[in-house]
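Q: Read off the chains here:
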Amino acid sequence: MIEVRNLTKIFNRGKFNETAAVVDVSLKVKDRSIVALTGPSGCGKTTLLSMIGLILTPTSGEILYDGENVLLASDFWRTMFRRQSFGFIFQHINLLPQYTTLENILLPLYSSDVDPWEYEGKAREWLSRLGIADRAEHLVEQLSGGEQQRAAFVRALIKDPKYVFADEPTVFVDEETSRIIYKVFSSLRDSGKTVLLSTHDPELMKIADETYRFCKGRLV
Amino acid sequence: MRRVLILPVLAIVLTAALLSVAVYSESQWSMREYDKALRETVALPSIAIGTNYEGTRNPLIEVFVRSLYDVPGGYDYIVSSSFIDTPIWLRDFRETIPGFNFTAVKG
Amino acid sequence: MRYMIRKHKNLLNYSFDCLRRYRMRTAVILITFLVATTMISAVLFTKDGLEREAEFSVQSAPDLTLQYLKGGRVEPINTSYTSLISGIPGVEKVLKRTWGYAGIGQYTFVVVGLDPEGLNYSRGVITSLEEGRFLTPEDEGTGNIVIGKLLAYMLDVRVGDDIILLSESVEANKFHIVGLFSDASSIYTADMILMSLEDANKFFSMPEGQVTDLCVYVSPAEDPVNVASKMNSIPNLRVLDQDLLLRGYKAAYGARGGIFTTLWTILLVAIALIAFSQAIVVGHESQFEVGLLKTFGFSTLDIIEVRLVESLVLGFFATSLGMLLGFSYAAFLNAPGLVDILLGWAYLPREFRLPVYVSLQSVFSIYAVTVIPLLITTVVPAWLNAITDPELAMRRAAA
Numbered sequence: 001m002i003e004v005r006n007l008t009k010i011f012n013r014g015k016f017n018e019t020a021a022v023v024d025v026s027l028k029v030k031d032r033s034i035v036a037l038t039g040p041s042g043c044g045k046t047t048l049l050s051m052i053g054l055i056l057t058p059t060s061g062e063i064l065y066d067g068e069n070v071l072l073a074s075d076f077w078r079t080m081f082r083r084q085s086f087g088f089i090f091q092h093i094n095l096l097p098q099y100t101t102l103e104n105i106l107l108p109l110y111s112s113d114v115d116p117w118e119y120e121g122k123a124r125e126w127l128s129r130l131g132i133a134d135r136a137e138h139l140v141e142q143l144s145g146g147e148q149q150r151a152a153f154v155r156a157l158i159k160d161p162k163y164v165f166a167d168e169p170t171v172f173v174d175e176e177t178s179r180i181i182y183k184v185f186s187s188l189r190d191s192g193k194t195v196l197l198s199t200h201d202p203e204l205m206k207i208a209d210e211t212y213r214f215c216k217g218r219l220v
Numbered sequence: 001m002r003r004v005l006i007l008p009v010l011a012i013v014l015t016a017a018l019l020s021v022a023v024y025s026e027s028q029w030s031m032r033e034y035d036k037a038l039r040e041t042v043a044l045p046s047i048a049i050g051t052n053y054e055g056t057r058n059p060l061i062e063v064f065v066r067s068l069y070d071v072p073g074g075y076d077y078i079v080s081s082s083f084i085d086t087p088i089w090l091r092d093f094r095e096t097i098p099g100f101n102f103t104a105v106k107g
Numbered sequence: 001m002r003y004m005i006r007k008h009k010n011l012l013n014y015s016f017d018c019l020r021r022y023r024m025r026t027a028v029i030l031i032t033f034l035v036a037t038t039m040i041s042a043v044l045f046t047k048d049g050l051e052r053e054a055e056f057s058v059q060s061a062p063d064l065t066l067q068y069l070k071g072g073r074v075e076p077i078n079t080s081y082t083s084l085i086s087g088i089p090g091v092e093k094v095l096k097r098t099w100g101y102a103g104i105g106q107y108t109f110v111v112v113g114l115d116p117e118g119l120n121y122s123r124g125v126i127t128s129l130e131e132g133r134f135l136t137p138e139d140e141g142t143g144n145i146v147i148g149k150l151l152a153y154m155l156d157v158r159v160g161d162d163i164i165l166l167s168e169s170v171e172a173n174k175f176h177i178v179g180l181f182s183d184a185s186s187i188y189t190a191d192m193i194l195m196s197l198e199d200a201n202k203f204f205s206m207p208e209g210q211v212t213d214l215c216v217y218v219s220p221a222e223d224p225v226n227v228a229s230k231m232n233s234i235p236n237l238r239v240l241d242q243d244l245l246l247r248g249y250k251a252a253y254g255a256r257g258g259i260f261t262t263l264w265t266i267l268l269v270a271i272a273l274i275a276f277s278q279a280i281v282v283g284h285e286s287q288f289e290v291g292l293l294k295t296f297g298f299s300t301l302d303i304i305e306v307r308l309v310e311s312l313v314l315g316f317f318a319t320s321l322g323m324l325l326g327f328s329y330a331a332f333l334n335a336p337g338l339v340d341i342l343l344g345w346a347y348l349p350r351e352f353r354l355p356v357y358v359s360l361q362s363v364f365s366i367y368a369v370t371v372i373p374l375l376i377t378t379v380v381p382a383w384l385n386a387i388t389d390p391e392l393a394m395r396r397a398a399a
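Residue numbers (my numbering), protein chains in the order written: chain A, 1 to 220; chain B, 1 to 107; chain C, 1 to 399.
Worth flagging that the hints you see were computed from the coordinates, not collected in a lab.
For clarity, every value in this text was computed on a predicted model and none was experimentally measured.
Fair warning: there could be bad hints in the mix.
Pairs of lysine-lysine residues, derived as DSS-like cross-links and limited to a Cα-Cα distance of at most 30 Å, are as follows [what the hints assert, rightly or not]:
id	chain 1	residue 1	chain 2	residue 2
1	C	K9	A	K159
2	C	K7	A	K122
3	A	K183	A	K15
4	A	K30	A	K193
5	A	K159	C	K7
6	C	K93	B	K36
7	B	K36	C	K202
8	C	K9	A	K122
Could you build the full structure based on these sequences and the hints that come with them?
A: Next comes the structure, spelled out in structure tokens:
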């Protein structure tokens, strides 16, 4: 269970260009559910998602995972927590260009107590499920946008994380890929994972258990 | 061997090789048996480099004493040449010794 | 423990991959470091070798060298000083010496006339000859000479040949070669023509009873400086001790022609440029990557470890290779192209190789000015990015 209390993020605080990206947001995300954050561009969805995913420090507020305020923990502890429990899918995909698809997928495992190449089989299985098995050895820059997004999915899931954060996962992909993504999210929920995503996609919102609408950094 | 390992392995090998060369060179110089008896007999405190300019064959005696060349500012010229200026063309610095003009033939 | 090993192995692999991935940066650093360290090490190792050789020679020099000054200028010294100096407590022996330069062809040779008394001491102990024998007191006034390889090569002469040296007075001085110095002693003897004192005096047309300088040897129990201080009261006498000679030598070779300092400056500027390009060109890419890795759960220490290993591998590879090339260039090839600048107005007779001394001190000092700046310019930005929120680091990189 994720609980967010009075979360606020203000960029450039005290400067002429001060921006309140997220203001006093409180919400709850139940385990084994899909929660969608929606709203117009620039409303603070990505910022909120990043804060809950512990890759952006809030200006104020609390984030509780299973009742524990993780913002009180050290940076190192939060890093460990991210390593063990989180998977990220970014809006801009963020694959490293000079690596192959497979190498990109295995990258999150390099900071863990495992041999990344032991996960090769699992990675190929996922690639196969997503229909890009034949692209495993291709450099990322040789992949289409949809294929890259699917590869990013596999990268997020390779460590079998408890929480999956997805920022606009269908915004740059074609219909076919979108359909695959919907299925994947549903199956993740079925397998006991918690998915928190930001989206404009009505189809994606349909599969969500709960949807929060934002406007100008506030929960509507 | 994986391709990515080539550079690290070479880095270790080359560094080890260089340190070996350095240790070998240090030991060679410290144990060097040079022509001590000859040098003591000739007693010229210099080496055979720089003979085109007499100041370099015997730096102290020459730099500080041959500076008494009958050339105004000769001292400054020699010292500044040693420390500041960089001769680009060797021939510019090939000087003959005033008062001497030797030639040699096989007899 | 297993955790540590596995994880560090992963991080090492990732670092090595980065070297391959950032090909352009790797190539730029490699080339710059290679050129800079090759040049600097060739100069440094040779300079160290020359200084060591000079030290050996100075150590073999007389304890004190005496010259006569007239009007502040060095003039030949009267041999009557010998008895005066010999009477000073602590002086073991005083030898007369006449020496000077002979310009032959494009080269200048050093002509040394040796005191028969000194030759008597060295009878049978000098083995640095390739052919023939060394001078003995019996060679006094006979025109017998021992020559170095340079003159032998130039005139194509060997032991048993005669050579005629003509001076400005057009006086023919015929000499007979009795010995030829070996290659092993070339660093000292290549340009040398050794003869007896009487022959040298005649050759240089020295005034009767005068020589170039006097060599004073002090009893082992005495400090040469103390003995030298007792000579201060003798008018018109200049006393040079070994320490003074060595300082002069180091001054001449240590900062030869300013080129050495210039090269160090070039090296430092090259490193600074690399550091700058690292920070600017690769900065954004690296910043983004650090943010992404942090998102995946790489800790700040992991990031630093990755960048540290990467820089160490690159720095040590390039610098070590550069130094080995510099060493080979100087030791095996005699530093072609660089040697003229290196030796200034001097030249290098082909009869000997440059003395090359690869000291650990020089090796570590080159590592210090190459590897450490590289580490700082890669690790510090990585650390700064790693302590920034990953999302912010990625946003800034993308901006």
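Q: The structure should be examined with respect to each hint, and the outcome stated for every one.
A: Hints, one by one, checked against the model:
1. In summary, the hint linking K9/C to K159/A is supported, as the alpha carbons are separated by about 18 Å, within the 30 Å threshold.
2. Straight-line distance between C-alpha atoms of K7/C and K122/A comes to about 20 Å, which keeps the hinted pair within the 30 Å bound.
3. A threshold of 30 Å between alpha carbons decides the hint, and for K183/A with K15/A the separation of about 45 Å lies outside it, so the pair is violated.
4. Pair hint K30/A plus K193/A holds up; C-alpha atoms about 10 Å apart against a cutoff of 30 Å.
5. Of the supplied pair hints, the one linking K159/A and K7/C holds, its CA atoms being roughly 15 Å apart against a limit of 30 Å.
6. For the hint pairing K93/C with K36/B, the CA-to-CA distance comes to about 19 Å; that is within 30 Å, so the pair holds.
7. In summary, the hint linking K36/B to K202/C is supported, as the alpha carbons are separated by about 28 Å, within the 30 Å threshold.
8. Simply put, K9/C and K122/A have alpha-carbon atoms about 21 Å apart, close enough for the 30 Å limit, and the pair holds.
The structure fails to meet hint 3 from the earlier list, while all remaining hints are met.
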